[in-house]
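Each chain is listed here by its residues.
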Amino acid sequence: MADARPQKPQKGYSVRTLPGFAVVAIFTLITLYAPIAILVTFSFNAGTSMAIWEGFSLRWYQQAAANEAVQDAAVRSLFLALVAASVATVAATMAALATTRTRHFPGKTMIYALINQPLMVPEIVTAVALLIVFAAIKVWTGHTSMIYLIVAHTAFCVPFAYLPIRARLETMDTSLETAAQDLYASRWLTFRRVTLPLMWPGIVAGLMLAFVISLDDVVITEFVKSAGQETLPTFMLGQLRRVVTPEVNAISTVILLAGAILVSLFFRLTSKRG
Amino acid sequence: MIEIDKVTKTFGAGDAAFTALRDVSVTIRENEFFTLLGPSGCGKTTLLRLIAGFEPPTIGAIRLSGRDITRLPPNQRPVNTVFQNYALFPHMSVAGNIAFGLEMLGKPKDEIAKTVDEMLRLVRMEELKHRKTSEISGGQQQRVALARALAPHPEVLLLDEPLSALDLKLRKEMQIELKRLQSETGITFVFVTHDQEEALTMSDRIAVMSGGRILQIGNPREIYERPSERFVANFIGESNFLNGQLSAGSVTLEAGGTFTVEPPQGVADGKVSVLIRPEHVTLAGTGTKGAALTATVENVVYSGEATVAHLKLTTGEAIKARASNQPGAGGALEIGAQVGLSVAPGAVTVLVD
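Chains A and B, in that order, are what the protein sequence lines are. Under full-length UniProt numbering, think of the first position of the first sequence as 1, with each following residue one higher. Under full-length UniProt numbering, think of the first position of the second sequence as 1, with each following residue one higher.
Think of the hints as simulated: they come from the structure by calculation, not from any bench. Ideal Cβ positions, reconstructed from N, Cα and C, are used throughout, including at glycine. Any given hint might turn out to be false.
[Claimed, not checked] Distance windows between CB atoms, simulated:
| # | chain 1 | residue 1 | chain 2 | residue 2 | range |
| --- | --- | --- | --- | --- | --- |
| 1 | A | LYS138 | B | ALA13 | 35 to 45 Å |
| 2 | B | GLY211 | A | TRP188 | 38 to 48 Å |
| 3 | B | ALA16 | A | ARG192 | 32 to 42 Å |
| 4 | A | VAL151 | B | ALA13 | 36 to 46 Å |
| 5 | A | TRP200 | B | ALA16 | 35 to 45 Å |
| 6 | A | TRP200 | B | ARG230 | 52 to 62 Å |
Please model the entire structure based on the sequences and the hints provided.
Right under this line is the structure:
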């Protein structure tokens, strides 16, 4: 009678029994979130110090709100993010349709890789490349409007908008589109009445993700912007070079909050089925 | 009337090519309940998709009421489909789903509203008009899918295994419902199924398919009682296959007994395979006169309304005898007993092998 006990089948491994896992997890969480918690806390500091707590106050929020440079940068950031995210989302929607709703054609995988290129190329490389090209155009045309920022932001927002839209299209039942065609809908009506309403959550999610990505971009913006075209992140970077006050913390906290709201909405939209 | 004229469908090319339909020809009559029956992978769903226009045939033509529709896109064919998974639009209400086809055809609003109500009544779903399709049961979704496909009043309704997702009781109900809808609307139904009982119960005619070909077309009685070949006999109902010798319109079985038969065309005198359905074999008791065959009882299976005896003939061939159970009759057969078997006149069918 050797070993009559039924053995439990070993499936993967449990994080509960993995040695050192808890330590790593706690360390990671602390490094991720402790600085953010400190930043948010000191945005409410009554004093100018970033290290000594001098009591609760909304002083830095008021100061930031009253600062014309901050207002100017905030409006520019929002405008830029809205335009770039919108254009990128339209492009990404068309790209997602072309890569999921067509028969296989040569180069399809290549197109997929090209669309996602900005996710893989280091941002600094893209930034330098854009700087060189745009500088040449600026010299040649003398034109220095925000169009360069809009083009640059649109370009790096496309893959972020593309991914959730493509994911949505891939989980959608294609027999619904077949059914619409069977029920006398033309290709355009099939798209407008069936495909578009069903992929809508993916499009909104893509738009929000692109918006957040544009809103907090520093590297590319810093390289591409012309004089006087500060966005919130580049303004803050400029502030840090001079005197550091909790005003930066206050602005960061507001951006953090806006981003957190959009990202949680994004998860709600992408996790809900049907 | 749908004419499928020498249609071949090949998917892919080169080494990966797969031929789903091989030179299929069939004419489906007007107002007919026509069933494509066969095991999975036999090409029945491909044929349905070709009629709907979701795929073009590789070779051959499809005509609807004399008009060539081979290359017509699905939205220009007066043909509607009930999909296996129903494919209801999740972002529309029950009424919205039913109205969809009519809206696409550009019918006036009041006519659409009238037809939608009519369809809801036809499938007995009036009270669920404004529900979302995710809020109704599988059986109800099935009815909505039917109503949606019937609303534009197509010339042909295609049904792709529409009952396979329902439980047995609901399936039986829907079988009767479908028959009723077909006779009330006067629309030609082309029904795809792998369920032989479903096919026999509902169809005016059945085409039995295997390996991309149609093996036999006939009404349920012809298909069941006079299957042309072994595959058809085996796929539909329970079968006994025995060897015999055909000569001048009668078969002498190797196990004994001579029966008059109507041999199908192309079968020459000589060695043949024959089919005898188990319910046409009667246990005649040991040594009974008139019993054509002698067999040994190997097993007895009681299944409620009938009892099936599994027997072995003197030649070693297996044979089953099925008898419906009578009240109170509990004459248990003993395993190993010798019994006589009689075969009903006309029950022997010669197969083309």
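Now for the hints, and whether the structure bears them out:
no., hint, verdict
1, LYS138/A x ALA13/B: 35 to 45 Å, "53 Å, violated"
2, GLY211/B x TRP188/A: 38 to 48 Å, "40 Å, holds"
3, ALA16/B x ARG192/A: 32 to 42 Å, "36 Å, holds"
4, VAL151/A x ALA13/B: 36 to 46 Å, "43 Å, holds"
5, TRP200/A x ALA16/B: 35 to 45 Å, "37 Å, holds"
6, TRP200/A x ARG230/B: 52 to 62 Å, "55 Å, holds"
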